[in-house]
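Asker: The listed protein sequences derive, respectively, from chains A and B. The opening residue of the first sequence carries number 1 in this note's numbering; numbering runs sequentially from there. The opening residue of the second sequence carries number 1 in this note's numbering; numbering runs sequentially from there.
It cannot be assumed that every hint is accurate.
List time: in silico DSSO-like cross-link candidates among lysine-lysine, alpha-carbon distance up to 27 Å [unchecked claim]:
| no. | chain 1 | residue 1 | chain 2 | residue 2 |
| --- | --- | --- | --- | --- |
| 1 | B | Lys-123 | B | Lys-267 |
| 2 | B | Lys-278 | B | Lys-171 |
| 3 | B | Lys-278 | B | Lys-315 |
| 4 | B | Lys-328 | B | Lys-149 |
| 5 | B | Lys-267 | B | Lys-338 |
| 6 | B | Lys-328 | B | Lys-65 |
| 7 | A | Lys-51 | B | Lys-215 |
| 8 | A | Lys-64 | B | Lys-226 |
| 9 | B | Lys-141 | B | Lys-315 |
| 10 | B | Lys-226 | B | Lys-209 |
| 11 | A | Lys-64 | B | Lys-149 |
| 12 | A | Lys-64 | B | Lys-215 |
Which chain B residues face chain A? A few, computed with CB under 10 Å, are given here [said to hold, decoys possible]:
| no. | residue |
| --- | --- |
| 13 | Ala-79 |
| 14 | Asn-82 |
| 15 | Asn-88 |
| 16 | Ser-248 |
| 17 | Glu-250 |
| 18 | Gly-357 |
| 19 | Leu-361 |
| 20 | Glu-362 |
| 21 | Ala-370 |
| 22 | Gly-382 |
If you want the footprint, here are the derived chain B segments under chain A, 3+ residues with CB under 8 Å [to be verified]:
| no. | segment |
| --- | --- |
| 23 | 102-116 |
| 24 | 230-244 |
I should point out that these hints are in silico values taken from the structure, not numbers from a laboratory. Predicted model only: the values in this text are computed from it and were never measured. Even glycine gets a Cβ: it sits at the ideal position worked out from N, Cα and C.
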Amino acid sequence: MSLSKSVTGSLLSAPTVLYMAVFFIVPSLILFAYSFWSAASYQVVPDFVLKNYLGSLTSPLFWKVTFNAISIGLWTATITLILAIPVAYYLVYVARSQTILYLILLTWFSSYLVRIYAWRTLLGTNGVLNTVLLQLGIIDHPVGAFLFSSFAVTITLVHIYLPFCILLVVASLSEIKRDLIDAARDLGTSSIGAFCKVIAPNAANGLIGAFMLTFILVAGDYVTPQMLGGSSGQTTGLLIADQFRKTGNWPLGAAQAFLMFLVSLAIYFALLTAGRMSGLVVHRPRKKKEA
Amino acid sequence: MKTIWSPEQIMQAAAMSRRSFLGGAAAVTGGLVAGPFLPNAAQAAASGDIQIMAWEGWELVDELKEWREKNNVSIEVSAMGNQDDVTNKFNMPNPPAFDAAEYNQGYSDLYIDVIKITKPLDKSKLPNYSADNLFDVFYDKPTWYRDGKLHGVPYAWGLNTIVYNPALMEKPTSYQDLLKPELKGKIVLVDDTLVTWPVAATLAGLGAKFPNLTKEEMAQTFEHLKQYRAQARLISLTYGDVVSLMVSGEVLACFAGWTGIPTETAKQGVKTEYTIPKEGAATWCDAWFMPPSVDNEETAYEFCNLAISPEVQAKIATRNAAGVVSSKAVELLPPETKALFDYSDVDGIFKSSPLLGIPPLESTEHATYADWVAAWNEFKAG
Numbered sequence: 001m002s003l004s005k006s007v008t009g010s011l012l013s014a015p016t017v018l019y020m021a022v023f024f025i026v027p028s029l030i031l032f033a034y035s036f037w038s039a040a041s042y043q044v045v046p047d048f049v050l051k052n053y054l055g056s057l058t059s060p061l062f063w064k065v066t067f068n069a070i071s072i073g074l075w076t077a078t079i080t081l082i083l084a085i086p087v088a089y090y091l092v093y094v095a096r097s098q099t100i101l102y103l104i105l106l107t108w109f110s111s112y113l114v115r116i117y118a119w120r121t122l123l124g125t126n127g128v129l130n131t132v133l134l135q136l137g138i139i140d141h142p143v144g145a146f147l148f149s150s151f152a153v154t155i156t157l158v159h160i161y162l163p164f165c166i167l168l169v170v171a172s173l174s175e176i177k178r179d180l181i182d183a184a185r186d187l188g189t190s191s192i193g194a195f196c197k198v199i200a201p202n203a204a205n206g207l208i209g210a211f212m213l214t215f216i217l218v219a220g221d222y223v224t225p226q227m228l229g230g231s232s233g234q235t236t237g238l239l240i241a242d243q244f245r246k247t248g249n250w251p252l253g254a255a256q257a258f259l260m261f262l263v264s265l266a267i268y269f270a271l272l273t274a275g276r277m278s279g280l281v282v283h284r285p286r287k288k289k290e291a
Numbered sequence: 001m002k003t004i005w006s007p008e009q010i011m012q013a014a015a016m017s018r019r020s021f022l023g024g025a026a027a028v029t030g031g032l033v034a035g036p037f038l039p040n041a042a043q044a045a046a047s048g049d050i051q052i053m054a055w056e057g058w059e060l061v062d063e064l065k066e067w068r069e070k071n072n073v074s075i076e077v078s079a080m081g082n083q084d085d086v087t088n089k090f091n092m093p094n095p096p097a098f099d100a101a102e103y104n105q106g107y108s109d110l111y112i113d114v115i116k117i118t119k120p121l122d123k124s125k126l127p128n129y130s131a132d133n134l135f136d137v138f139y140d141k142p143t144w145y146r147d148g149k150l151h152g153v154p155y156a157w158g159l160n161t162i163v164y165n166p167a168l169m170e171k172p173t174s175y176q177d178l179l180k181p182e183l184k185g186k187i188v189l190v191d192d193t194l195v196t197w198p199v200a201a202t203l204a205g206l207g208a209k210f211p212n213l214t215k216e217e218m219a220q221t222f223e224h225l226k227q228y229r230a231q232a233r234l235i236s237l238t239y240g241d242v243v244s245l246m247v248s249g250e251v252l253a254c255f256a257g258w259t260g261i262p263t264e265t266a267k268q269g270v271k272t273e274y275t276i277p278k279e280g281a282a283t284w285c286d287a288w289f290m291p292p293s294v295d296n297e298e299t300a301y302e303f304c305n306l307a308i309s310p311e312v313q314a315k316i317a318t319r320n321a322a323g324v325v326s327s328k329a330v331e332l333l334p335p336e337t338k339a340l341f342d343y344s345d346v347d348g349i350f351k352s353s354p355l356l357g358i359p360p361l362e363s364t365e366h367a368t369y370a371d372w373v374a375a376w377n378e379f380k381a382g
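This is chain A alone, in the form it adopts within the complex (with noise of 0.2 Å):
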């Protein structure tokens, strides 16, 4: 006895959608319906309200750490994407090496808030990079913006999401075949032109898909700005994580999470629409099937 597709689809799929349904789905019901309550005092009143919503929308704060996270998110989403690229062609066209996206891969190894500190390292006024620049004479005097700056905010950050973002971009060009940009080649063009009119709109959808996953981890992210961004340091996820923490405020910190996930939701919009009006995004529609 063979099952249908449809049917072997469905069983395949059954645990991961139960375990999304169970711990995504529900949690995201609970959390929103938590956006219209109110709080007062670390307690829960279960009502209706919109003061969570508007209050946010009109906080200068809200906006402000929005604008910086949104700002540290698209710098370090487009440098990685930009040093990606170049990587995950290399590995995928030329080298076929896996042991060197083992090696990309290495620096995973290494614990999180390790790293930080390592940046820390390199970049403090009596780090390696000033201690470097003060002996080849190029700086008279350490350079404390290299710490404490949305300058070391974003390039740990690039440091911290690249293998990720490489990985992503391998598995975006692995399904373009290399045939297509052989012919490419075949009828004149050049190399950076089989990028832009065969790579780029075949994989532009892994493309913005690298770059919005990366986006929306780094946007979130709280720890790295507050550890090396000093005074730019801080960011939504801290606003949303202080409703909860520090004042029981779950309600609010709901309702910013919601409105961090529409933000990121609209970004996405504007640059897949960028990206169709800019001709890198090909819509393709769906062929029927034939009857």
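Fit chain B to the known structure of chain A by using the hints.
Answerer: Chain B only, in chain A's frame:
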């Protein structure tokens, strides 16, 4: 009429707690397996595992080594980064299985009266909790007492004040000294609101009124504190982070730092000192509490009792450069630890720098705790 639900109430009907389940399962299993071998009435004695939440360096694992080994007790520690870690964990609908945790006196009202996460303690099981052993300021005082019941066992106290590197800067005699141009970008503030807020209020001339300040006075406090933020390299997350910043030379002074910082930096070969400026210092006192859902109660009682024994007090205060709550421990302190505070007038110390609470949770007259947190976040964001 609105019904006010606590998170516990929301979840209570829907779920059996992990502790209840595990406890029940263990009891059933234990009863089945060991029942025939147990005497009719079990003797209460310390043994088994206890899970505690404590500040790093305050968990008593080393100081109670002999007791642990003798009674086969294992102490599982979850480190606190700040007091919110405790509030957050215990205020969850289904709190984790802890037997005891530390809390700062500022959170007494919140923990005992509002979120009710402390269990009334049986003083007969805490023989070291006595007028004979404790300084008067720590014995049966309202901070840790409600309705004739003890809720917290005062354990250690100390000061938060200016900590600085004497080799690289002059000894500050006032918080104003931290604003000198040569210290621009060389000082650090800490994200510890329990001490930073009262010090900030004092510097703004409102210390006597803290924590009951109006919203205007609160705004005035943060406005005054802005000059220190402008001078600071960063607002650090933890005191451990401050230690590493002072060791690396990234900062030279800490605004309202913990007096244990010099001990920690000395371990890494960097000498720092603390000094009490003319504006004064912030005092704190940590206590142990047991949650209502305490699992290994007898062992937790013995743990809390030993924590305030003179011998353990002397050891833990020496380790962390803190104050002892046990008057009998003073004579056991090494000279340098004893010299940290004037033990001949402990009452006087707390009269001049009283232990303060957090701002009111609800008030129409004063800025609430939530107002302060919002203003603090705004302050941090610059």
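Asker: Could you run down the list of hints and mark each one as holding or not?
Answerer: Results for each hint:
1. B:Lys-123 <-> B:Lys-267: 38 Å, violated
2. B:Lys-278 <-> B:Lys-171: 12 Å, holds
3. B:Lys-278 <-> B:Lys-315: 30 Å, violated
4. B:Lys-328 <-> B:Lys-149: 24 Å, holds
5. B:Lys-267 <-> B:Lys-338: 20 Å, holds
6. B:Lys-328 <-> B:Lys-65: 21 Å, holds
7. A:Lys-51 <-> B:Lys-215: Holds - the C-alpha atoms of Lys-215 (chain B) and Lys-51 (chain A) are around 20 Å apart, at most 27 Å.
8. A:Lys-64 <-> B:Lys-226: 18 Å, holds
9. B:Lys-141 <-> B:Lys-315: Given pair Lys-141 (chain B), Lys-315 (chain B) holds - Cα atoms ~25 Å apart, limit 27 Å.
10. B:Lys-226 <-> B:Lys-209: Distance of about 20 Å is within 27 Å: holds.
11. A:Lys-64 <-> B:Lys-149: Status violated; Cα separation ~47 Å.
12. A:Lys-64 <-> B:Lys-215: Cα-Cα ~22 Å, so holds.
13. Ala-79: Check failed: Cβ of Ala-79 (chain B) comes no nearer than 13 Å to chain A, outside 10 Å.
14. Asn-82: With a minimum Cβ separation of about 8 Å from chain A (threshold 10 Å), the hint on Asn-82 (chain B) holds.
15. Asn-88: 5 Å, holds
16. Ser-248: Interface hint status for Ser-248 (chain B): holds (6 Å vs cutoff 10 Å).
17. Glu-250: 6 Å, holds
18. Gly-357: Constraint on Gly-357 (chain B) not satisfied, violated at 14 Å.
19. Leu-361: Where the cut-off is 10 Å and the nearest Cβ of chain A is about 4 Å from Leu-361 (chain B), the hint holds.
20. Glu-362: 6 Å, holds
21. Ala-370: 5 Å, holds
22. Gly-382: It holds, given that the least Cβ distance between Gly-382 (chain B) and chain A is near 4 Å, below 10 Å.
23. 102-116: holds (count 3)
24. 230-244: holds (count 7)
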